[in-house]
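> Residue numbers (the working numbering), protein chains in the order written: chain G, 1 to 283; chain B, 1 to 336.
Note that these hints are calculated values from the structure, not bench results.
A portion of the hints provided could be inaccurate.
Computed cross-link-like contacts, EDC-like style, restricted to lysine to aspartate or glutamate with a CA-CA straight-line distance of at most 20 angstroms [what the hints assert, rightly or not]: (1) K2/G <-> E107/B; (2) K2/G <-> E66/B; (3) K2/G <-> E32/G.
Derived list of chain G stretches under chain B, where covered just means 3 residues or more per stretch with a C-beta under 8 angstroms from a C-beta of chain B [to be verified]: (4) 76-84; (5) 101-109.
In this text, a Cβ means the ideal position worked out from N, Cα and C, and glycines have one as well.
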Amino acid sequence: MKQTTPSAVRIVAAYDDGQDARHFELAPLSGESIASAVEPGQFFMLSVPGAGEAAFTYAAPPDARGHVQALVRRVGALTSRLFELEPGAVLGLRGPFGRGWPLAELRAQRVLVIAGGCGLAPLCSAVDHLAARGAGALAVIYGARNPDSQVLGVERGRWSGRFPLLETYDHPDDPDQIRGTPIVRLDEACQALGGAPEAALVCGPELMMTRVAAALRDRGLGAGRIWLSLERRMHCGDGRCGHCYLGPSYVCQDGPTYRLDEFQRLQAESPPRATELVSVHHC
Amino acid sequence: MSDVYELTGLRQLADHLAREARVVAPQHDGEHRCFALLSEDGDLEICREPSQLPLAAKPFLFAERESLFVFDGARFVETPAPSEPLVLFGLTACDLTAIAYLDRFFEGDPHYVARRRAALLVGVDCERGCRDGFCDAMDAGPGVRDGSADLVVHTAPDASPLLFIGSERGAAAVAGLALEPAPADATERRARGLEAAEASLGARPHIAAGIARLDAGEVSAELWEELGLRCLACSGCTTVCPTCTCFTTTDEPEGDGARRLRYWDSCLFEGFQREASGHHPAPTAGMRLERFFRHKLGEPVRARFGRATCVGCGRCESACPAVLGIHSTLGRIAAT
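Generate coordinates for the entire structure from the input sequences, incorporating the hints supplied.
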């Protein structure tokens, strides 16, 4: 049977990690168990009792003690309630759900990772995995609204010097910082990789992802070598509630990671109308 | 189905089944007709009426609102669905086809499975087609499909009802009932009856033509938006649809904690896909309407579930105050 009642976890630690974003460490209560086998890019459903349940990514999979790392941005009622809670507060966790990044396919390849805003979180443990490979080059482009809104400071600090990490800002603070979306540093990233990327993993606002994907396609990367991670409203996480549909696909089961060609085929069933552009907010 | 018997009447079967379980059957409830607990003086002849009940028996298997768990301040404690034996009596072929789909869709959903395991399904073949029904076009009726019911009753004017055993569970449920073996021509009689029922359904060319246009990608965004302008987002269609499964969840405060409830949701509601960030993958009523019809009829969904998720009951046609039911919409699509 599917797990519809969450396991109880408590907040062990929490710290601010970017504007309106917090990093949470969650641990199962004694007597409670949570799944330990989690692939980078999968997600869990987090219950904030009284406020409801929503989907969040594992910034890091459960460690040996079962501690889970999560990066949460405050955007609505549930996350606002979560931000009021202190360490020790009890939450509910179900998961893992969905399909993660295709890391087994990328073993020795030149991989370009492109993240926008808190879209870095679903890529975080994939970057750790790719950086630890014995072979294959890695470069990361990370775009944010401004330096204050950059997330995962500890993780980025850990990555520093291990592989090229190129940052961009919609609104830089000083002239040394590069203004623009990650696309403005695409050619530089390709050079840093030592050649055109053989695969790209992209996560950010949907509009940003489609534009980045188009820029990668312009540089010769096939649609079968680009992967995106989508965000959708979800009320179950395992293919029953119906909310996260993408054509005939459910993002919670078939995604959240899609290969670009799959995503385009599914989206073709109900192409975005011009009005959608109005409703897109940058993460 | 090999074992066939003759019944003295529908009551004979219902009364026997009522000894072991609650029996829910189509009933006249004042001015309405609905599935309800069968009363002692309840008239089962309603099962033979050639018109669809406005609501399917779906809520008895997938509750409109139910508790999933309670958070007591420290732990999450599951609140299981009721599992007392229940007989769903007088289900039409289309509704049974819908339940077979629900069984597949909600496989692994503990609340659905608990209710479903407790339910014995008794189907009744339709003697005639109903006003909006097109079950024949959707391979869902008017005869009860093999394997979709535990017991199947076939009625005909001026003849005793025939009882076909549809499953081992159905056989066990009538084990204590003194049944007369059916006449030798019972299966043939049923086949003739179903042929006549199918013939009474009439041609509905806009169904196949509309689905073909949908599959060919010939329905423009402009047409969907034009139709969408009329949608009131009242959720009438998704409420009466026997295969609509979407739900949402909400927490209600309780003691020191909270109770998680789930209840039916509708993909036609504006906020169905709206995210906390403001991102909205289906921001227009036309997109949401298109989604509804593609999900019921489209080729990718047929490939995913092995059949269309529409069973041709036609309830949405009566329910929609904006004339966007399946006949109206497919008719418009076919004519464009």
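> If a hint holds in the structure, say so; if it doesn't, say that too.
Each hint, compared with the structure:
no., hint, result
1, K2/G <-> E107/B, "holds, 9 angstroms"
2, K2/G <-> E66/B, "holds, 17 angstroms"
3, K2/G <-> E32/G, "holds, 17 angstroms"
4, 76-84, "holds (count 4)"
5, 101-109, "violated (count 0)"
The structure fails hint 5 only (numbered hints given earlier).
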